Amino acid sequence: MSELPPFQTLIDEHAGDVMAVLRGAVGRADAEDCFQETFLAALRAYPRLSGAGNLRGWLITIAHRKAIDHHRARGRRPLPVAEVTEQAVTDPEPGDGIWTAVGALPPKQRAAVTLRYASDLPHAEIAAALGCSPEAARRSLHEGIKRLRKELA
Amino acid sequence: MRAELQQPLGRLAERAAAEGLLDVAYATADSPFGPLLLARTPRGLVRVGLPNQDADALLADLATRVSPRVLEAPAELDEVRRELDLYFEGKLTDFDLPLDWQLSRDFRRRVLRAIARIPYGQTRSYTEMAKSAGNERAVRAAGSACGSNPIPLVVPCHRVLRTSGALGGYGGGLPMKEGLLQLEGVLDG
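Those protein sequences? They're chains A and B, same order as listed.
Start counting the first sequence at 2; every next residue gets the next number (the working numbering).
Start counting the second sequence at 2; every next residue gets the next number (the working numbering).
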């Protein structure tokens, strides 16, 4: 019998953090969509989760996958706009080329790179989100960056 | 909950319901006796928590016994809340709500189904309930079925008394049982 807490507990405790991560990763305007996609995906998978350990890390990892999906979708179909305005400087969007390359990284490296650079998480939190040691997180990040440098050179 | 999250969370519950992911929706409701916790599945009302019962423990129990997909979704319980409000105002005598009986089984479920048929403003004894459920001698078991009623108020276990006419017990406390019987005109107010 599963001993998972009611899903509402995850929302009550972590919704603010998830929203903050997504605002960092995709910008304020698109964060709400990604937020719903994140919690719907989590809700879908929740009963099959094997344990209640580090639910925050689990949610943040899902949020990052949703942010990557979002960047990919944006890359495929640019948003039509009525007039071109200056890009706000407070919310820089990473170039699509980079995100396509990030999306092609092996999962652990990809997650480490987005957690570090889209959400500005410290190594310890990346490790928590990925369920590995800080050293392993640092290594994944390092490998990911090395590979990106090569790809984009 | 922070105000800026309220809107996205409201829409989340809606989308979860639309996608069939809302296994247990819950909300709180006011009553003259204190706050109630109401929980439903897609099949119907599954649990009513009385004011003296621990809401967190009750939700944790639902997560274990029904599904961990438990979400606060007040809109899903609008009809239940509406009927309960009318009941407490003395304007509704028969609930017309789909019920989900999954939290009770076998003899207990039969006792509770029999209790659900006791008309407003009337009472029955534990012995009569045991008999209705098919085992006249299982009076004590009928009593514990009342005690474990997951859907009090709507399944009116407050209408079951001792054969002597003594009140017996109530999960919500005896003052609440008395208050409900006064509301229904069984006891003098």
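What the hints contain is simulated information worked out from the structure, not anything from laboratory work.
It is possible that some hints are incorrect.
[Claimed, not checked] What follows is a set of in silico ranges between Cβ atoms, one per label pair, in the way DEER data are often shown:
no., chain 1, residue 1, chain 2, residue 2, range
1, A, PRO123, B, GLN8, 28 to 36 Å
2, A, ILE99, B, GLY35, 52 to 60 Å
3, A, LEU50, B, ALA18, 54 to 62 Å
4, A, LEU50, B, LEU168, 42 to 50 Å
5, B, GLY174, A, ALA137, 49 to 57 Å
If you're wondering where the values come from, they're calculated on a predicted model, not measured in any experiment.
No residue lacks a Cβ here, since even glycine has one placed at the ideal position from N, Cα and C.
So, going through the hints one by one against the coordinates:
For A/PRO123 and B/GLN8, the Cβ-Cβ distance of about 30 Å falls inside the hinted range of 28 to 36 Å, so the restraint holds. In this structure, A/ILE99 and B/GLY35 meet the distance hint of 52 to 60 Å, their C-beta atoms being roughly 57 Å apart. Restraint check, A/LEU50 to B/ALA18: a C-beta distance of roughly 21 Å breaks the suggested window 54 to 62 Å. Between A/LEU50 and B/LEU168, the C-beta spacing of about 45 Å keeps the proposed range 42 to 50 Å intact.
Between B/GLY174 and A/ALA137 the beta carbons are some 55 Å apart, a value that agrees with the proposed interval 49 to 57 Å.
In this structure, only the earlier hint numbered 3 is contradicted, and the remaining ones agree with it.
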